[in-house]
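Chemist: What follows is the residue order along each chain.
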Amino acid sequence: MSDTSFAGRLRSFADSDLFYSFRRSKTTVIAAAALALLFFGAIFAPVIAPFDPFDIAHLNLLDSELPPAWMEGSNSAYWLGTDTQARDVLSSILYGLRISLFVGFASVILAAVLGVFLGLVGGFVGGIVDAVIMRVADVLLSFPAILVALLINGVMRGILPANQHESAAILVLVLAIGLTNWVQYARTVRGSTLVERQREYVQAARTIGVGRLRIMLTHILPNVLGPVLVIATINLGMAVLTEATLSFLGVGMPATQPSLGTLIRVGNEYLFSGIWWVVIFPSATLAVLVLAVNLIGDWLRDALNPKLR
Amino acid sequence: MFVFLVRRLLQAVMVMLAVAFIAFLMFRYLGDPVNNIVSQDATQQQREEVRQRLGLDDPMAIQYGRFVINAAKGDFGVSYRNSRPVSALLAERLPATAELVLVAALLSLVLGIPLGIYTALKPRGVLSQGLQIMSLIGISLPTFVTGILLILVFSVWLGWLPSFGRGDVIDIGWWSTGFLTASGLKALILPSFMLCLFQLTLIMRLVRAEMLEVLRADYIKFAKARGLKNRAIHFRHALKNTLIPVVTIFGLQLGGLIAFAIITETVFQWPGMGALFIQAVNFTDVPVMAAYLVMVSLIFVIINTSVDLLYNVIDPRLRTDPTRASGKGA
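From first to last, the protein sequence lines are chains B and W. Residue numbering for the first sequence follows UniProt numbering, starting at 1 and increasing by one per position. Residue numbering for the second sequence follows UniProt numbering, starting at 1 and increasing by one per position.
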């Protein structure tokens, strides 16, 4: 561990228990590969996507509703076919994936920061502050996440003027999903904070007159962060799914900036005209994404923290 | 027991008051209620009159009190979008959702328990392995994707089942039912299957895990030693103890079914309360949103409280430890 060069760190990681258990689990390796591929596609979408689905100048309506490349009557330039507006389905998926993953990560970060902070404060300060935070958490937890997210979404739309709904859609989604999912972090962090604050190093810090905020942030926080990464991984799958569901229900991303959920909603409207590829490919991408994240989350939970099982 | 009962009921009332407060805040501060009632070119004086009449100048505590009393009477005002009383809108939509949720709940039990027993009794069978994989996929697929796949296969390609609406309904009093016509029953198949799928896999896995556990217990070994038939052991002795946790989970998940009905109703254009709620979110129709919130919360609180109380009766171990008893409800 003392070798701090990059190669040295890589070697010590390759020798670690974590990497050993990763290599041994075949499904996890496959899931990680699939996820890496999806991340790559999302990040480099502008470079690798064959077309720009938002560039109206390049759309040619003669190319609309083309089937995937292996079917009869297709154009080999469009691997997964085109939709009714002649947009390339593959390119739309890559750009949609970008938005879905962005909302997923942003809302997980928001939920984690909020939850860790509230759990830390509740556990350390105790008393009425703690009681209020935990009661709110209890109430939130007794409702299905999708309902809470829908409600927050509806309230935020009510606050914003109607003409800003489209431009603020990402922000609304991140807030709605983030504010729904902080409870698990808060509960876990609060539990460990209750234990840590009795420890001697905290008492020592108190004795020499360190402020409460500083004790919380520099002394206790590093010691309670362990499980947060695991919860965040599992939550990422949930967050992506919630975003897709909200967009599918028509209260998420607008059709001008489609996420995977929006693509599925729009494609669903053309299901009966027989152009199934417009809806099936985004659906499959979403399913693979969620499944891969969940599999990795499950593995991480078992490998890192047997206590959470 | 009596203390527990009182405390649990008080807790339920507190939750309902808190939910009502959120609904009240939405009602009062999400847009100006006056603007949504008067016409565009109303004078300042007319606006003031409406404001007076609605009591919007009163202290907040009084307004909240009035809101709670009206809500308890089922009066949530008038929908901004449809200009009809919200209670009438909800009552009209209630049967569709109730029938859908009921059928889905029954389906998940009727299919889930036997499949769970089967996979537990024959864990190495090909069919069991297949069911396990199917259930993993069923849990991972987003529910609306499952719904779309069902429509694609059974409505578009095979043309067997309708993909939207309730079919023909018959009115019995104010309740409209789809149970009595052939098209109504046919229309129920796909939506209820989509809605129950998650529950179904959950119950199947639960029954399987519990059954495997119970089959290893000593009293089952004794039953075998006594020479009882397999049938009697599996169904009379093992199944009974397996079903206790199933009842609990089933109760708690009923609330989940109502929430997920929102998605099912959107996929199948089912004219229920969930579809109404989505419309309300889309158009910021606050009275409908508030009423739906209060109503669904009430159903949740009733279910959670009764499951807690029932569980307390069934499982005496919970009675001594109040934190475990009250920490239920997912």
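In short, the hints are calculated from the structure, not lab data. Wrong hints could be hidden among the right ones.
[Unchecked claim] Partner residues are not named here, just some residues of chain B that face chain W (Cβ under 10 Å, in silico):
1) S12
2) S16
3) L18
4) F19
5) F22
6) G158
7) L241
8) L249
9) G250
10) V251
11) A255
12) N268
Cβ coordinates follow ideal geometry from the N, Cα and C atoms, glycine included.
Chemist: Next step is simple, just say for each hint if it's right about the structure.
Modeler: Going down the list of hints, with the structure as the test:
1. S12: violated (34 Å)
2. S16: Since chain W brings no Cβ nearer than about 29 Å to S16/B, farther than 10 Å, the hint is violated.
3. L18: Check failed: Cβ of L18/B comes no nearer than 24 Å to chain W, outside 10 Å.
4. F19: With a closest approach of 25 Å, the F19/B hint is violated.
5. F22: violated (20 Å)
6. G158: holds (4 Å)
7. L241: Check passed: Cβ of L241/B comes within 6 Å of chain W, closer than 10 Å.
8. L249: L249/B check passes; min Cβ-Cβ to chain W is 5 Å, inside 10 Å.
9. G250: holds (6 Å)
10. V251: For V251/B, the interface hint holds, since the closest Cβ of chain W sits about 5 Å away, which is under 10 Å.
11. A255: violated (14 Å)
12. N268: holds (6 Å)
Violated hints, listed in ascending order, are 1, 2, 3, 4, 5 and 11; each of the other numbered hints is respected by the structure.
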